[in-house]
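J.: If you want the building blocks of each chain, they are given just below.
2 protein chains.
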Amino acid sequence: MPNTDKRWIVGVDVGGTNIVVGLLPMGGGEVLALRVLPTESQRGPKFVVDRIVEMVEASIAEVLEAHEGRRDQIAGVGIGSPGPLERTTGVVINTPNLGWRNFPLRDLIANAVNLPATLDNDANCATYGEWWLGAAKDVDTLVGLTLGTGIGGGIVFAGVIFHGVSDVAGEIGHMTIDSTGRRCKCGNYGCLEAYASGPAIALRAAEGIDAGVETVLIDMVDGRLDEITAATVYEGVVAGDAYAEEVMKDTAKFLGAGIANIINILNPEMVVISGGVTRAGDHLFAPLRAEVRRRAFRAAEERCSIVSGSLPGTAGVVGAAAVFKKEMFGEV
Amino acid sequence: MPNTDKRWIVGVDVGGTNIVVGLLPMGGGEVLALRVLPTESQRGPKFVVDRIVEMVEASIAEVLEAHEGRRDQIAGVGIGSPGPLERTTGVVINTPNLGWRNFPLRDLIANAVNLPATLDNDANCATYGEWWLGAAKDVDTLVGLTLGTGIGGGIVFAGVIFHGVSDVAGEIGHMTIDSTGRRCKCGNYGCLEAYASGPAIALRAAEGIDAGVETVLIDMVDGRLDEITAATVYEGVVAGDAYAEEVMKDTAKFLGAGIANIINILNPEMVVISGGVTRAGDHLFAPLRAEVRRRAFRAAEERCSIVSGSLPGTAGVVGAAAVFKKEMFGEV
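Residue numbers (our numbering), protein chains in the order written: chain A, 1199 to 1530; chain B, 1199 to 1530.
Derived from the structure by calculation, the hints contain no laboratory data.
Nothing here was measured: the structure is a model prediction, and the numbers come from that model.
Treat the hints with care, since some could be wrong.
[As the list claims (entries may be wrong)] Calculated from the model, a selection of chain A residues having no Cβ within reach of chain B, i.e. all distances over 10 Å:
hint, residue
1, ALA1429
2, THR1476
3, PRO1485
[As the list claims (entries may be wrong)] Partial selection, computed: residues in chain B whose CB lies under 10 Å from chain A:
hint, residue
4, GLY1379
5, ARG1496
6, MET1526
Where is the CB? At the ideal position from N, CA and C, for every residue including glycine.
Generate the whole structure from the sequences, applying the supplied hints.
T.: See the structure below:
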C-alpha cells in the first residue's frame, strides 16, 4: 500500500444531468475540491470529455496547491458512467441519456490528464461509495438503489462490487414488477424504473390530475402539468397535500415490491437508497418498509435495514475513487 | 483431502412429495443405491424422519456390501430440505408443504445414523448438484431454478452457494412479476411461483377450460378438471393440442419475465432449469428464450445460456452431498 497520507484519487461521476468531480484522500475522508457542472450532452461527446478533463485538472490543481503537493501524488482517476459498459476496455457500450455508443470514455480521459483511470457503472460507484465512507460502512452484503432520471442498482458482497459475467449485474431498475405493465425506455414492460424513477413519479402524478384530481400540485406549477417533477410531488407532500401523499405512497409500493424481490433473491444485510426522492424521508420510507414487510420472506426482511444514503450528491464520486483504489491496489 | 477412492457421502433430498436418497463417491460420479419413497408428511414428522433414516441406512448398507467397505468410509450425510431454514443450527424454520416449524431435522437424522450431517435448502442443493456433476460444471456465475410444486432457486458464485445474511437468498420463485397479480401461497401477490409452478400451470389450464375453451385436455382427464396437472398440459402439447401449447407458451412468458429479471440483476453465465416441466423441451425453451431476449439487457442476455438440468431426479441428492463435502472439507 502507498503512503495514504500523501496521495489522492480523483472521482468522476458522469450523469445525464450533471458531472460531479472531486478528490478523495487515499485513506478516505471528505471529498475535496468538489465541482459540479451540467453535462450538456446535446453539445456532443467531445464537449463532455473536454468539460470532464477541465474539471479534473481544476480539482487536482486546487488540492495540490492547498497541500503544496506534487502531481505524482495523484494516483489516478476513477470514473463512473451510465452503462452498459465494459470495464476491461473502459468503453461505454450504450447510454441513451448521453447518446454514446461504443465510446472509449476511460482512455479519452486517462490520455488527456495523463493518469491511469478506471471505469465502472455509476450506480455501482454510488453503492460502493456508501459502502466505503457512507451509510453502509462494513456491510458485508449490500444492495444499493439510485433513484433519479433512471433507477440504477449496485451489489457489493464482501467489499467487492458484484459485476456478473459481462458487467451488467445490478440493473435492478430494469426488473419487471408488472409483466404486462408500463413500457420502459429500455424496451421492456413493467420495469421498476417505469414506475418509480423521477420522471415516472411525475408522469403518474400528472395522469391523476388529467383524470380530475384536485391537488396543490397544479398551483405549484401554475397549471403547467408538464412541469411537474418528482421534486414537485415531494414539495406537495411536505405541504400536506393528500394527492401528493398518495402518489408518494404508490411510489413506495412499487419500490417496496422491487426491494422485496431483491431481499428474497439476495437476502442482503442492507439496502441503501440514494437520490432526491429520499428527501421525502418517512413519507417514503414508512410505507416502503411496510410494503417490503408485506411481501418479503420474514427471515430475510427482518435482517435487512432499508436506509437512506448518507453521501447525497457525492456517493458516485466517492465510489468511483474507491473503484480506482480497489482495482489498482487490490483493497479499499 | 481424504482418499476420495474409498469414501462416500450420503445425499438426502426431502421434498413435499418424495424423499430421495443416494450415495456419492467423494470424488464425484454416479449416484449409488438410489432410493425414492413418498414423503407422506401427513403421517407426521416422526414418520418422515424414521423413513429418511431407514432409507439412509439401507443405501449405506447396499454400497458398503457391494464394495466390501466399512462404516467409517461413510463421511456423513448432506440433507436438502424446503426452507426457510438455518444452516448453522440445522433447523427447518417453516415448511408449509411439510407442516414443520422450528424442526431440528439435521440433528435428528445425524443422531439416528450416528454420522455428521449438514442441512441446506433443497433448491440450493439442486443447483449445486448441477454445478458439481451436471449441466453447469465449471460455471462461475450460476442461477438454478427448480420447477415443481413450488419454484425454488439457487445461486452459485465461484463454486460457493450464495446464502445471503440469513440463508434465504435464492428465493427466486417468490419474486413479484405482477405486483397486483395472483395471490401466492407465501402471502405475497404476483410471485413467479403463482404463475409457473406445476399447480399454477394446471390452474391456469383449468381456468381457460372453465371459460369455454375446447381442448384435448378435457378428455385426457375424463372431464375431471381438478385432475389436470402440469404433466397433463405437457402431454397435451406433445399430442399437438393448440390450447395446451398456449398454456405452455404463457408459462414460458412468465418464466421468461422472471429469468430476465435474474439476468438483469445477476448477469449470470448460465441459468439451469430443472423439474418435470423441462420435459416439454423446445415447446418451453424456445418461447422462454425469446421472452428473455425481449426483456433482458442484450449485453447480459447474449452471455447467458438457459439450459435444462442434466440430473433429473437426482440433482438434489448430488447437491446435498456436495454441500456436505464443501462444509466438511472446504472444497468440492
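J.: Under the constraints set out in the numbered hints, which ones does this structure not fulfil?
T.: 6
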